[in-house]
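Peer 1: Single-letter residue listing:
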Amino acid sequence: MSPRQAFAALAVAGAFVLLALAPGLGNDYTTSLLINLMLYGVLATAWGLFCGTTRYISLATVAFFGVGSYTVAVLGERLAWPLVLLAAAAIGALLALLVGLVTLRLSGTYFVIFTFGMTELLRQVVNWYESKVAGSVGRYVFVDAASPGFIYGQLLVLLALVLALGWWLGRSRLGFALRLIGEDEQAARHCGVDTTRSKLLAFTLSSVFMVLAGAIVAPRWTYIDPAIAFNAIVSFQVVIMALLGGTARFWGPVLGVVPLVLLFELLVKYFPNHFPIVLGVVFLLIVYALPRGVVGWVMERGRRRGASS
Amino acid sequence: MPLLDALLTGLTLGGMYALVALGLNLQYGVARIMNLSYGELLIAAAVLAYALFGQLGVSPLLTMLAVVPLAALLGWGIYAFALTPLVRRAPDRDALEADSLLGTFGLLFVVQGVMLVLVGGSYLSYSFLSVPVGVLGTTVAANRLLALAMAVVLGLAVWLLLMRTRVGTAIRAVAVDPVSAQLVAIDVRQLAAAAFALGTVLAGVAGVLVSMFLTFSATMGVLFTMKALIVVIMGGIGNMAGAVVAALMLGLVEALVGTFIDPGLTLAANYALFLAVLLFRPAGLFGKVAR
Chain A
4 MSPRQAFAAL
14 AVAGAFVLLA
24 LAPGLGNDYT
34 TSLLINLMLY
44 GVLATAWGLF
54 CGTTRYISLA
64 TVAFFGVGSY
74 TVAVLGERLA
84 WPLVLLAAAA
94 IGALLALLVG
104 LVTLRLSGTY
114 FVIFTFGMTE
124 LLRQVVNWYE
134 SKVAGSVGRY
144 VFVDAASPGF
154 IYGQLLVLLA
164 LVLALGWWLG
174 RSRLGFALRL
184 IGEDEQAARH
194 CGVDTTRSKL
204 LAFTLSSVFM
214 VLAGAIVAPR
224 WTYIDPAIAF
234 NAIVSFQVVI
244 MALLGGTARF
254 WGPVLGVVPL
264 VLLFELLVKY
274 FPNHFPIVLG
284 VVFLLIVYAL
294 PRGVVGWVME
304 RGRRRGASS
Chain B
1255 MPLLDALLTG
1265 LTLGGMYALV
1275 ALGLNLQYGV
1285 ARIMNLSYGE
1295 LLIAAAVLAY
1305 ALFGQLGVSP
1315 LLTMLAVVPL
1325 AALLGWGIYA
1335 FALTPLVRRA
1345 PDRDALEADS
1355 LLGTFGLLFV
1365 VQGVMLVLVG
1375 GSYLSYSFLS
1385 VPVGVLGTTV
1395 AANRLLALAM
1405 AVVLGLAVWL
1415 LLMRTRVGTA
1425 IRAVAVDPVS
1435 AQLVAIDVRQ
1445 LAAAAFALGT
1455 VLAGVAGVLV
1465 SMFLTFSATM
1475 GVLFTMKALI
1485 VVIMGGIGNM
1495 AGAVVAALML
1505 GLVEALVGTF
1515 IDPGLTLAAN
1525 YALFLAVLLF
1535 RPAGLFGKVA
1545 R
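Protein sequences appear in the order of chains A and B.
Following our numbering, the numbering of the first sequence begins with 4 at its first residue and continues without gaps.
Following our numbering, the numbering of the second sequence begins with 1255 at its first residue and continues without gaps.
In isolation and in its complexed conformation, chain B is listed as follows (with noise of 0.2 Å):
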């Protein structure tokens, strides 16, 4: 039944989409700043985990785990060394936000070119768990599972770690105000570089289980930061719980337009979806607050 596939594919795709967006929503929703190179980090998580895996044979899980102590420095190094000046000099946020687009969009050019002298600009792809395994009468490749299980463990944990520590508390406390946070000695830059750093491992991590099940090219980051930040928007920034029904909802549109309309149209489907939202609902689906 097409329908019935159509759906099965939407949610899992959703499921990726939710956890290719984790990272991004703890970047903006904290730090404020809109990390436009997050896609391409994501690729070269990607990339890392082909090369790794077609080179010396290790397992991508393997390289998994090696990316989070690597993501974390880098993002806790972006930010501290490229971020920070942006955020000293600006003399209100309208200028950070300018500044930082536009770093961030340099940023987005230096790591597709490097991967680009890398690894070229053809498709990449390898098989690894790629064992079909039967769910409700029909079949999904084990490795999508894998990242399906893995987008709900990780969203959990983000989730619990930002509703039920102390860290997490102040974490809020800054997406809600970072000025009042400083009130109450929550340190908030350092909290922005921590949350940075961790939205990166999430962007390394997302990057290597999606590397498992979907041919990727070093240009795609793009796409992937487009995605992200549909989900982020429509989800509400820093609502987590939103930012999964909303990439349930991408993934969801994404596999009907592809399966009844026009596969060529789903990603024309993906945008107009987004610039809808960016227009009729700028503070999200469940957002309250007016931008």
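Next up, chain A with everything else stripped away, as it sits in the complex (with noise of 0.2 Å):
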């Protein structure tokens, strides 16, 4: 390991100290701030494992992490804590290999359009099935593991995972077989990549942390309904976090999480009903003026002095 590879590791290990100790030093308002941030760091990192790499641009987050959070309103009083994760777990990959083996042959629109329609169809026939069947539309979530301090720190050890997984997906053959896809997918297959598997392992690993993720922060809800188990606007939020951080690197949307939350949860509270219209902006600014997220701007920077010097 050279130093600056020891160093990284124990900047890493400090902050992740530091944000575990994090709840304790403030009130119960900068914990949710904090879950929040947890919350969005999961699901951008995952996101970024598939669609960075591969640039499979997908509106399916919510989707599993409204699975996620279903499961956890259906089997939250029955089982134990860790046996309904683990549950979400299952049922999310099995979920995604689904849908994963149905959506392969797309090519980029038509998958970024079939994710989303995807998450319709599953609300809408949840929706369906809550009203016509079950008889009431929504859920009340009881289960024990529902203080913010536990939520906080399953979600702090959710990040590491992903953040663990996305750096060992960089150094391994994996990893290199998705950016590859990314860059040229016809090249890929001629080089004796296995793209089906490839992309398939990866796009269900990044959505059983989505899942895992839904499940955790559910029963700080109390009560769910389609409508916020599923809804649409959080994929968005996922994707431009992750853009405005740059999927280059493993690490990259957790850059864009951290102003994005902050200035989301500034919106919702003074500017509620300006929220989509700045939402958009954002989207607009990252496209036009930051294509590669901060991650790439930086790139982009030191290549272009490395050049020049």
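Simulated from the structure, these hints should not be mistaken for laboratory data.
Please read all numbers here as calculations on a predicted model, not as lab measurements.
Built from N, CA and C at the ideal position, the CB exists for glycine as well.
Be a bit skeptical, because a hint or two may be false.
[Claimed, not checked] FRET-style restraints, in silico, Cβ to Cβ:
#1 A:195 <-> B:1379: 56 to 64 Å
#2 A:81 <-> B:1387: 50 to 58 Å
#3 A:5 <-> B:1438: 56 to 64 Å
#4 A:276 <-> B:1387: 38 to 46 Å
#5 A:271 <-> B:1434: 30 to 38 Å
#6 B:1387 <-> A:143: 45 to 53 Å
#7 B:1323 <-> A:291: 47 to 55 Å
[As the list claims (entries may be wrong)] Away from chain B, derived, C-beta distances all over 12 Å, residues of chain A:
#8 7
#9 97
#10 141
[Claimed, not checked] Covered by chain B, per the in silico footprint, the following chain A stretches (three or more residues, Cβ under 8 Å):
#11 121-130
#12 272-286
Two chains, two frames, some hints: make the complex.
Peer 2: Given below as structure tokens:
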């Protein structure tokens, strides 16, 4: 390990220790803000794992997130908490495999629309099922795992895990295969990469983290209905957070999470009516001014400086 | 008889979808940019018609005329100022696709947000030409018939434009192969901008027509975009006749599901149909080219 790597590892470990202590230093409000940061940190990093490397833009984030929340709402009172999480992960993995298998042959634009349509379809079906079969739209979530500190702790662990996975992907054959797919899928296939297997594996891994995030935060709401659990805006938020940070590195999306979570927090508090406008403007700003995110911008500058000196 | 009723409802619905999809078909078929803010622009025209009729008593038909130049300007402006930079920047088609999707997402939220600030999120409707007319033993509102007739007229006009004029031939050439089209002295960018503008005009006109008989809200644009997408992809991109058939099918499926299965499932049926088309017929029902 070079000194630089050792320093980075130490800094990351220090940051996580600080984050673990953070809820004790503030009040309820800061804790809830921290939970939001962790939640979007997990979602954006997980999104970047598959979408950032392969450049398939997925809007299904909230579909998996919602499935996780609903698993908790349905099973939460019947099973022990670790088993609930396990069940959520299993259901999410199955769904991801299914979706992955059927969407593999779709090209870029169609994949985006498909994932968006899938979320809406899920929401409609759950809505219909709840009102027609279960009797009422909306469920109460009463589980023991509802204390903010506990939720925060679980999300922190999940974030550490997803970042570790991203770090490992960066140096594994699978990660290399995914980046190759992102560059040119045809070429990747010719190089002997099993593109189907790689994409499916990465999509499933990333989806499992989204499902778990949805399951962990579900107890915070105490009441959920399809409109809350499958709120399409969340998918869009995750996309722009990841894009703002930049998906060229596994830690890029986190950089976009911090400013945007704070911005959205302020918006919801002070200008709730102008939320979509600002969301749209941020989208446009990123697409036009920072198409490769903060990470891409810094790398570009570094390259330019290297070339001129 | 419920079946006949369902069929008629389905056909009028289908006519409306054909109308809604016309513009998107032009935009995606020629400019090759998936405009995800399409439905929002449509709803914007509907909101305009609603506001003018409610506040000043302006007939929606007049609004429709006024919308034509406005929408043309807007569509051209969007292409020239918002999308051309992306077209220029993109190293390949995949990059342009991703960029334009994200860019039009941004536009979607901006337009939707402005409308939410102006009229709020509640459902809007007004009453214009809602006199019952008897057709084949059942009654249909006159405004629905007008919309259906307009769909037919506009569809025919666009078809004639594409098939019988020089510009139309050039447009089709661009749709088939943008690179080769340049070899025969077609200004692809100009034509794409024109198609984009015309598509926006059609969205605006459809919006005004739809506002006459449908209850709508500022956040409903996405729904129209999805339906237009279903029709365009199912009918085959750039294929106007295919789009009409697809639109009628979509309307019928919706009406039949609503009548015989459960009204709460019509939207789900819509999306299910859409996903099935994407999976099994991504080149459209009549398409031969594999994507």
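Peer 1: Each of the hints needs a verdict: does it hold here or not?
Peer 2: Outcome of the hint check:
One distance hint, 56 to 64 Å for the beta-carbon pair residue 195 of chain A and residue 1379 of chain B, holds here, with the actual separation near 60 Å. The given range of 50 to 58 Å is respected by residue 81 of chain A and residue 1387 of chain B, whose C-beta atoms sit roughly 57 Å from each other. For the hinted restraint 56 to 64 Å between residue 5 of chain A and residue 1438 of chain B, the CB-CB distance of approximately 59 Å keeps it satisfied. For the pair residue 276 of chain A and residue 1387 of chain B, the supplied restraint of 38 to 46 Å holds, since their beta-carbon distance comes to about 41 Å.
Separated by about 51 Å at the C-beta atoms, residue 271 of chain A and residue 1434 of chain B break the suggested range of 30 to 38 Å. Hint check: residue 1387 of chain B to residue 143 of chain A, Cβ distance near 50 Å, so the stated range 45 to 53 Å holds. Residue 1323 of chain B and residue 291 of chain A have their C-beta atoms about 27 Å apart, which leaves the hinted 47 to 55 Å range violated. A cut-off of 12 Å between C-beta atoms confirms that residue 7 of chain A is not in contact with chain B; the least separation is 32 Å.
Every beta carbon of chain B lies more than 12 Å from that of residue 97 of chain A, the smallest distance being close to 18 Å; the non-interface claim holds. Every beta carbon of chain B lies more than 12 Å from that of residue 141 of chain A, the smallest distance being close to 15 Å; the non-interface claim holds. With a threshold of 8 Å between beta carbons, the proposed coverage of the region 121-130 of chain A by chain B holds, since 6 of its residues qualify and at least three are required. Coverage of the region 272-286 of chain A by chain B holds in this model, with 11 residues showing a Cβ closer than 8 Å to a Cβ of that chain against a need of three.
Checked against the numbered hints above, the structure breaks hints 5 and 7 and satisfies the rest.
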